[in-house]
Amino acid sequence: MASVMSSRMATPALRQIGQAASRRTIIQLATRQTARALPTYQRRSASTGSGPSSSSSSKTAIYAVGGLAGIGAAVWFFGLTDTKKAELEDDATGGHARARGMLGGVVDYQKVYNEIANVLEAEHYDDGSYGPVLIRLAWHCSGTYDKNSGNGGSNGATMRFAPESNHGANAGLLAARELLEPIHAKFPEMSYSDLWTLAGVVAVMQLGGPTIPWRPGRVDADASQCTPDGRLPDGDKDQDHLRQIFYRMGFDDEGIVALSGAHAVGRCHPDRSGFSGPWQHSPTSFNNEYYKLLFNEKWQLKKWDGPIQYEDKSTKSLMMLTTDMALTKDKAFKPIAKRFADDEGLFFTSFSKYFAQLLELGVPAKNFEGREPITFTPADV
1 MASVMSSRMA
11 TPALRQIGQA
21 ASRRTIIQLA
31 TRQTARALPT
41 YQRRSASTGS
51 GPSSSSSSKT
61 AIYAVGGLAG
71 IGAAVWFFGL
81 TDTKKAELED
91 DATGGHARAR
101 GMLGGVVDYQ
111 KVYNEIANVL
121 EAEHYDDGSY
131 GPVLIRLAWH
141 CSGTYDKNSG
151 NGGSNGATMR
161 FAPESNHGAN
171 AGLLAARELL
181 EPIHAKFPEM
191 SYSDLWTLAG
201 VVAVMQLGGP
211 TIPWRPGRVD
221 ADASQCTPDG
231 RLPDGDKDQD
241 HLRQIFYRMG
251 FDDEGIVALS
261 GAHAVGRCHP
271 DRSGFSGPWQ
281 HSPTSFNNEY
291 YKLLFNEKWQ
301 LKKWDGPIQY
311 EDKSTKSLMM
321 LTTDMALTKD
331 KAFKPIAKRF
341 ADDEGLFFTS
351 FSKYFAQLLE
361 LGVPAKNFEG
371 REPITFTPAD
381 V
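What the sequence shown shows, in UniProt numbering, is residues 1 to 381, in sequence order.
A few of these clues could be false.
Claimed, not checked - Here are the simulated lysine-lysine pairs, BS3-like style, with alpha carbons at most 27 Å apart: (1) K292 x K316; (2) K298 x K334; (3) K313 x K338; (4) K237 x K329; (5) K111 x K353; (6) K329 x K303; (7) K316 x K302; (8) K338 x K292.
Claimed, not checked - Label-pair distances were calculated between CB atoms; the ranges are: (9) N296 x S224: 31 to 41 Å; (10) D380 x Q244: 23 to 33 Å; (11) A171 x G370: 34 to 44 Å; (12) K303 x G105: 51 to 61 Å; (13) E121 x N367: 24 to 34 Å; (14) P364 x L301: 38 to 48 Å; (15) S149 x M325: 28 to 38 Å; (16) I308 x K353: 23 to 33 Å; (17) E369 x S314: 44 to 54 Å; (18) T315 x S224: 46 to 56 Å.
Everything labelled a hint here was simulated from the structure, so no lab data went into it. Note that the Cβ used here is the ideal one computed from N, Cα and C, for glycine as well.
Go ahead and model the full structure; you've got the sequences and the hints to work with.
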């Protein structure tokens, strides 16, 4: 980064302060103070004459004022709280990635994003990525919300405790929670609730999906707040079940179809859900292939000892659930799913909207006061 001020204006003391404090903030403050001081000295210079001695004297005074202003700004900056420093730095750069953590202190959420992105790839796990299971963790910790009772949702991270951790729909998610433990230890100011939902955002974006706006504000709860079993979708049910589950959360039909698009990634495991197989040939690429396959492939019932599911006739290597097939049969769902199959950009826009909404279910509005959504930069890993 460029030096805090020009070499003529920066005193040794200011250079030391600039190295220790936020340089971008000090630059702005020093520049503002210097700009206010310049007109005064320029007027004084004009009134005392235009000779070389007068001009040199006025320039020296200008530099002195600039240096003193910078030092004063730096001293003032040091007297602020960490939170206020972060807010000022964000104002100076136009970013919002640094904000108060729910457990105190300041968190650089872009750094958290990058830490999560760095642990996604793993040759030993599934198809080589933890991304799909992190999306599932974010989805399942949020999709328990009941708009009628007002409980459930992403606020609380109650899946840390039994009985919620043992619900059938959450089988296999221990791997995702354990993966994030070292990151939570590194950023203890974050709540688990914020970390889990952010992990879902990271996974979607790093696997090639749309940008998901996200903001911190969730507070963890204890085991007494665990939600009852049965609030998440069952794959062997039809469109009536889907509407019952999603309407309870406050979603409309487009939200149902869009959020079903999370099946673009990952696979089912017999030892978890009972179902088996991936939805598409590239289960670590977030795209609209899920919808294309629904309409372009011929699907038949799979002959096996497991629960009812469908397989593609051509390769018999892909699967669809009864809830997936409902998107092609229901009169309201079908045209939405067809539009997503034809236009990936349209799907991405819709998914981003509804996934961001899903991740905030159950969080009191006051928790988000003064917190603008953060737009993250994908990590280059």
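Hint-by-hint comparison with the structure:
1. K292 x K316: Holds, at roughly 17 Å.
2. K298 x K334: holds (16 Å)
3. K313 x K338: This hinted pair holds, its Cα atoms lying about 20 Å apart.
4. K237 x K329: Judged against 27 Å, a Cα distance of about 13 Å means the pair holds.
5. K111 x K353: The given pair, whose Cα atoms are some 24 Å apart, holds under the 27 Å limit.
6. K329 x K303: Given pair K329, K303 holds - Cα atoms ~22 Å apart, limit 27 Å.
7. K316 x K302: holds (8 Å)
8. K338 x K292: Between K338 and K292 the Cα gap is close to 8 Å, so the pair holds against 27 Å.
9. N296 x S224: 31 to 41 Å: violated (48 Å)
10. D380 x Q244: 23 to 33 Å: violated (42 Å)
11. A171 x G370: 34 to 44 Å: holds (38 Å)
12. K303 x G105: 51 to 61 Å: holds (56 Å)
13. E121 x N367: 24 to 34 Å: holds (33 Å)
14. P364 x L301: 38 to 48 Å: At roughly 45 Å between Cβ atoms, L301 and P364 fall inside 38 to 48 Å, so the hint holds.
15. S149 x M325: 28 to 38 Å: About 31 Å separates the Cβ atoms of S149 and M325, which means 28 to 38 Å holds.
16. I308 x K353: 23 to 33 Å: Given about 32 Å between the Cβ atoms, the range holds.
17. E369 x S314: 44 to 54 Å: holds (53 Å)
18. T315 x S224: 46 to 56 Å: Between T315 and S224, where Cβ atoms are some 48 Å apart, the hint holds.
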